[in-house]
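Asks: Whole structure, please, built from the sequences with the hints as guidance.
Its first residue numbered 1493, the sequence shown is counted upward by one per residue in our numbering.
Everything labelled a hint here was simulated from the structure, so no lab data went into it.
Beta carbons are placed, not taken as given, at the ideal position from N, Cα and C, and that holds for glycine.
Just so you know, not all the hints are guaranteed correct.
To be verified - Now the in silico label distances, taken between C-beta atoms and shown as ranges:
id, residue 1, residue 2, range
1, 1653, 1518, 52 to 58 Å
2, 1521, 1613, 23 to 29 Å
3, 1652, 1534, 37 to 43 Å
4, 1653, 1547, 32 to 38 Å
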Amino acid sequence: VDGLSLAYLPGNDGVDLRLTSYDSPAAETERALRAAADKVREKVGRFVYGEGDDDLAALMLAEAGGRGDTMAVAESCTGGLLGMRLTAVPGSSRVFVGGTIAYANEVKIRELGVDAAVIESQGAVSEAVARAMAIGARLRFGSSIGIGITGIAGPDGGSAEKPVGTVWVAVDWRGELRAARAVLPGDRGEIRWRASQLALDQLRKLYARDEDATGWTARGS
1493 VDGLSLAYLP GNDGVDLRLT SYDSPAAETE RALRAAADKV REKVGRFVYG EGDDDLAALM
1553 LAEAGGRGDT MAVAESCTGG LLGMRLTAVP GSSRVFVGGT IAYANEVKIR ELGVDAAVIE
1613 SQGAVSEAVA RAMAIGARLR FGSSIGIGIT GIAGPDGGSA EKPVGTVWVA VDWRGELRAA
1673 RAVLPGDRGE IRWRASQLAL DQLRKLYARD EDATGWTARG S
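Replies: What follows is the structure in structure tokens.
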């Protein structure tokens, strides 16, 4: 569109799409930007979770609260980061009930009920373990939502089959499960943050019943 530009700004929370208008009166600029934003939403709407400074953790807490849901987490590679993000939101205690940092396999087995045979056969970083962690979190804390995260944040621990950045996340919403795999780019801190974002986005998609949206696509996935 004449007088408008669209910038793509990738970051840890996803990709920001920034519209900029040039050389137009304020009223015209506002109308043009709104019209352009509507067109962008027509194309990529199911991938969009907010505008401006919207935070996915805060948005998911608000959505869960509005539905009467409660939430618990089971984290391995993120080490409590998702719980930290959720509890940083004022009023989160109305929805978030607790979490388990299940870093060692023994803790996954003892505290979350993950089958040791599954870990032995498929590895701790696998869909089956992520699903079992999500289920375990929901059942242990008596919440309606359980979120499980397991992965390899690096810089060591990767393999040809499961390189550094490989994560599995799962969401159990009242017994309905959704899981996703990604190989996330970045350093250890970036991978952990992006894994927490991926997990929240799976809850968003489960609420939206959006089975086609891909979230963090990644090399090797």
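Asks: Hint by hint, note whether the structure agrees.
Replies: Hint by hint, here is what the structure shows:
no.	hint	verdict
1	1653 / 1518: 52 to 58 Å	holds (56 Å)
2	1521 / 1613: 23 to 29 Å	violated (59 Å)
3	1652 / 1534: 37 to 43 Å	holds (41 Å)
4	1653 / 1547: 32 to 38 Å	holds (34 Å)
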